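Student: Listed here are the chains, written in short residue letters.
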Amino acid sequence: MEANRGTKRKAPPPPSAAAGPAAHETLDKARSVDVAGFVEARAFEINALQRSLDGARTAGNARAFQTLARHLRRRAASHNVKRVPARLRARAEEEMRKSAAGNGSAKPPKPKPATAHSRYKRRRTRAARDEYALRQTGARWLETHVWHAKRMRMERAWGAVVAATPNERSHRAAYRAAKERCYAHDASYYATLELTGSKDAILQALAPLVAPGALTPAARRYADGARLAPLALHRAHMFPRAALGPASALWMPAGAAAPRTLWLRTHPAIADAVRAELGAAAGLAVADVTGDLVSFELLGTASTPLLAAVLAHTHTPSAGAAALRAARCVPAPDALPEGAVLALRIHDPRLSFPPRPDPAGGAGRAGRAGPGHGAPDGEALRAWPGAGASQLPGGDGGVFDRARCAADVARRQPEHALNQRRRAQLVPGTRLAPGADDVSVPLLLIRTGPEAALGSRVGAFDARFVGAMAHGWTLVAPRGWGMALWMPLVFAGARAQGQCERLHVSLEAGLPAFPRDWPGTAAYDAAAAAAGADALLRWQRRPPGKRANYAHAGIESPFFAPLHRLLGMPAAPAEYPQPGPAGLECRMRRLKKTKPKPGAAEPARPVDSADIWLVTGERLAAAVQALLRTRPSADVPLRQWAAPLLAAVRADGADQPDGADALLQRCLVRVRLVCTARGVPANNAPVCLPASAADPIGYVIAGSFSLARGCGMALAACSLRGLFALCRGSPPQAHRTVSIRAMDGGPACEAALTVLP
Amino acid sequence: MVRFKNRYICFEVLQHNQCNALGGVGKPSSDQRQNAFILSTRNINSLVREQVKLNFGDLGAGHIASGFQVKYFSSQTRMGIIKVPRDHCQMVTTALTLATHINRYPCVVRVWHVSGTIKKCQKAAIRTDRELIIAWYRNQQVIAKAGAGPVAGDSSLAAMLKESQSQISALEL
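Residue numbers (full-length UniProt numbering), protein chains in the order written: chain R, 1 to 757; chain Y, 1 to 173.
To be clear, the hints were calculated from the coordinates, so they are not data collected in a lab. Take the hints with a grain of salt, since some may be wrong.
Unchecked claim - In silico DMTMM-like pairs for lysine to aspartate or glutamate, Cα to Cα no more than 25 Å straight-line:
1. R:Lys199 with R:Glu180
2. Y:Lys71 with R:Asp401
3. Y:Lys71 with R:Glu45
4. Y:Lys71 with Y:Glu50
5. Y:Lys119 with R:Glu94
6. R:Lys199 with R:Asp401
Given the structure is predicted, the values throughout are model-derived calculations rather than measurements.
Using the sequences and the hints, build the whole thing.
Tutor: Structural data, given as structure tokens:
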């Protein structure tokens, strides 16, 4: 038995007619007796066995709910048959019965008396809406909250509850969606401030907040809301220091009426600060309209056809709708001019839900129909989006007319009325036709891209960003239409992810995300402190034998990037956790039960990053990039070397020359580092001169493996002094290289450096 | 969890028409048709258990007491698949080979395929059936050419031949 186990048993040779019919004659004769039955019986058996083989694939191996795709199974369905889709329910019921029969010990379920509700159930509110309202103390829920909450882990941030990361592992899927298909993001937490007043008053109020001489909303291209104006805001009169963050401005198209309206869209972290800076202006009314709008961000190559398919049912024909239709066949959104604004008015999106893949060339499943479907209309695209695309015809205020939007939402058909109409359809599944009682939805479609993230126009830098991941659309709609627009987007194939994935996508695109990648702003300090405290806690929870030994690796500040120390500012902010020697000292004291010496502890000083000059804007970044190509000799001082940069800043109307030294001392430049060999930069890793263990010239703010590039990459903040030392140390070259230290004491990784605007 | 490994044996029961049944049933050979005695899974079950007990004693019978099962048996084609624990596979195939009678009818058991999964056994059964049909048809052609008797079977079988050949080779993969 054992001897034969190794050898495979060969199949016996088939009975061949050639090899001696005489030998098998008896048997064959026996077979040939029952002619009619033989072949039929064999054929029947073959069919039966084949059928059982085909059905056996999933019958025994997988339960009914396991055959579903991952994203269609959201609940444990082994104990509750109703959680399985209707088409599989019969099979699931049978499986449950079979397994129950298998368990001889399973008791039949006890019938529950009607009044035996738990205390929780008895105290619930009548309507889920009231309960949800109760839960929103401290942080408001976005309109798509429940949808996200079922699929993602949520976190409280910036006064709202946003999705942090999905429940499923989808890091690469998120990247692919943003690159090739469509990535959707609910950006309704973004703050919008409405400035009403005369045009001059508005511009005067904004002037101290932006770089003087920079392109402001006063420019002709932004007039009448044809384009979204990117802004980089600073505290009043403090340019170039005290950056607040990026923002976008959109004019409301106005008639002859005097008071103009400007919408300022900012990140919620700086909304209060901006409002405070604007508050003092006269002749201006500032209102917060965040709650009156919902906005969705779509990125990716297939986002244009997807939007065109979802928003196909326009209520009033407008130039904006025509522009969207014409844009459908453009291969990728970055081919269309950035910042363009289209105004549409569409029928109630719930009427045509779920969206169907358009045979004429839309995108049902994003990426399947594909971009570039159909021949682009050259004439329509040459002057895209064309005059008047940002305005609705006939004096229709669109999204800006908040009163009308609120009235429309109040009088729209409730869901059960729509369901009744659907039931009345002759052919089930037919989309509802808009009737007299149905309302329409005004929308703003904005072609967003790196401008909004950077706060300034980009020209030459654009080519280096990774294609479609930096470009996309923002859909702005009135309050109340959040879910009605979100569901068709998702059903059409847009992939929704959380904040973590959104940040990674912007890192892949090489763009700084606010507030994580804007050092020198108050919002960055808060975010970095929170992240650092979180990381420190996690580090402390690990037992000493198993946690990373940063002291041994020579990393003094592994949880936050000590940019203040880098720029020579007074002291590291006290609320930043210190795991270094001071932390160790605390621990030793605790063990020895001694009291700290008076005066030895650092006094708690408030964080003040207002002194830092963060280089933003394409002009300044280009100046720094040009400086990097030079090699200053040993006797050239910093001020002389950086003169072109100072000139560029002074041209923007900045400080006096005697403050130049102080200014340069505090100058922080954001750079993109792409590793040239192995190694992935870690967050807060020191960036040093190549082949040198000297003081770092900067720190990594966000580092990760880039799927687009196939190597590690990072966004880092370097001091201008550090870049000066870098240029001194090596001959001028196209790309400077730096080395990034490893947090575990391993070999450093080399990276090529590029300046970010 | 320790894996209990099994073997699936695909076999066929062949019955001689010439021999009379032992014990003298007394029917004339012309009336004895192949399908006179319809076999069932119960027959196969008892056949194997008897043969194992006969040849390998109580120990052998005890080995396969719990793990042995007749998974499939077709009385029309006499093809079957039985499951045995892996350690006693050789014993059961030996017992099958040594079987001479089934319920007092003479028979020969031919083992076509042994494998660890039932899927492969089913595929082997399908393949064997196809080959048998092809061989039978070829035989008919030979008989017809020799002028020995009436040709049985359709001419449509010719087309089925080619299809079966390609399907058999597809099965091999």
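Student: Hint by hint, note whether the structure agrees.
Tutor: Each hint, compared with the structure:
no.: 1; hint: R:Lys199 with R:Glu180; in the structure: 41 Å, violated
no.: 2; hint: Y:Lys71 with R:Asp401; in the structure: 74 Å, violated
no.: 3; hint: Y:Lys71 with R:Glu45; in the structure: 14 Å, holds
no.: 4; hint: Y:Lys71 with Y:Glu50; in the structure: 18 Å, holds
no.: 5; hint: Y:Lys119 with R:Glu94; in the structure: 23 Å, holds
no.: 6; hint: R:Lys199 with R:Asp401; in the structure: 19 Å, holds
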